[in-house]
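Chemist: Sequence:
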Amino acid sequence: MKLIFAVVHAEDAKGAAKELNKKQFGVTKLSSSGGFLRKDNCTLMIGTEDEKVGEVMDVLKETCAKREEVEIVTPYLSEGMQIPNYAYTPIKVEAGGAIVFVVDVAEFWKI
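One rule links them: number in the numbering used here = place in the sequence shown (from 1) + 991.
Derived from the structure by calculation, the hints contain no laboratory data.
Incorrect hints may have been included.
[Stated by the list, open to error] Here are the simulated distance ranges between beta carbons:
{"id": "1", "residue 1": "Met1036", "residue 2": "Ile1082", "range": "29 to 35 Å"}
{"id": "2", "residue 1": "Gln1015", "residue 2": "Pro1081", "range": "41 to 47 Å"}
{"id": "3", "residue 1": "Pro1081", "residue 2": "Leu994", "range": "36 to 42 Å"}
{"id": "4", "residue 1": "Asp1041", "residue 2": "Pro1081", "range": "40 to 46 Å"}
{"id": "5", "residue 1": "Val1084", "residue 2": "Thr1019", "range": "26 to 32 Å"}
{"id": "6", "residue 1": "Phe1099", "residue 2": "Asn1012", "range": "15 to 21 Å"}
{"id": "7", "residue 1": "Thr1034", "residue 2": "Lys1083", "range": "23 to 29 Å"}
{"id": "8", "residue 1": "Val1093", "residue 2": "Ala1056", "range": "18 to 24 Å"}
{"id": "9", "residue 1": "Asp1041", "residue 2": "Glu1002", "range": "29 to 35 Å"}
The structure presented is a predicted model; accordingly, all values stated were derived computationally and were not measured.
Where a beta carbon is used, it is the ideal one built from N, C-alpha and C, also for glycine.
Whenever a hint applies, use it, and build me the whole structure from the sequences.
Modeler: As structure tokens, this is what we get:
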């Protein structure tokens, strides 16, 4: 048995979970955040048999596609700090996609 941790963009999480549920995969969603853009993410936890990992990966590829977005990135400043004359320039960034970890499960209990 495998446990899959998929860190996905929050906008993609609902669609990914819905498609995984349609294919009879149980999904637990955890809110998470981080990264360069400080955007909301969602970590999906999916338990499955070894031979079905590829099917989960296919669903994630379909529902969590990478895309290009334009963001205005501001530097992180402590409260009250200001940078004079700082130009807030829009930049193109890659969003979406998924970071996936697949780990072996030593034991699985359903109580």
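Chemist: All hints, please: hold or fail.
Modeler: Consistency of the hints with the structure:
1. Checked against the hint of 29 to 35 Å, the pair Met1036 and Ile1082 passes, with Cβ atoms roughly 32 Å apart.
2. The beta-carbon spacing between Gln1015 and Pro1081, approximately 43 Å, falls within the hinted interval of 41 to 47 Å.
3. For the pair Pro1081 and Leu994, the supplied restraint of 36 to 42 Å holds, since their beta-carbon distance comes to about 39 Å.
4. For Asp1041 and Pro1081, the Cβ-Cβ distance of about 45 Å falls inside the hinted range of 40 to 46 Å, so the restraint holds.
5. With their beta carbons about 28 Å apart, Val1084 and Thr1019 fall inside the hinted range of 26 to 32 Å.
6. In this structure the supplied range 15 to 21 Å holds for Phe1099 paired with Asn1012, their Cβ-Cβ distance being about 19 Å.
7. One distance hint, 23 to 29 Å for the beta-carbon pair Thr1034 and Lys1083, holds here, with the actual separation near 26 Å.
8. Separated by about 20 Å at the C-beta atoms, Val1093 and Ala1056 satisfy the suggested range of 18 to 24 Å.
9. A beta carbon spacing of about 30 Å between Asp1041 and Glu1002 agrees with the range 29 to 35 Å that was offered as a hint.
When the structure is compared with the earlier hints, no violation turns up for any of them.
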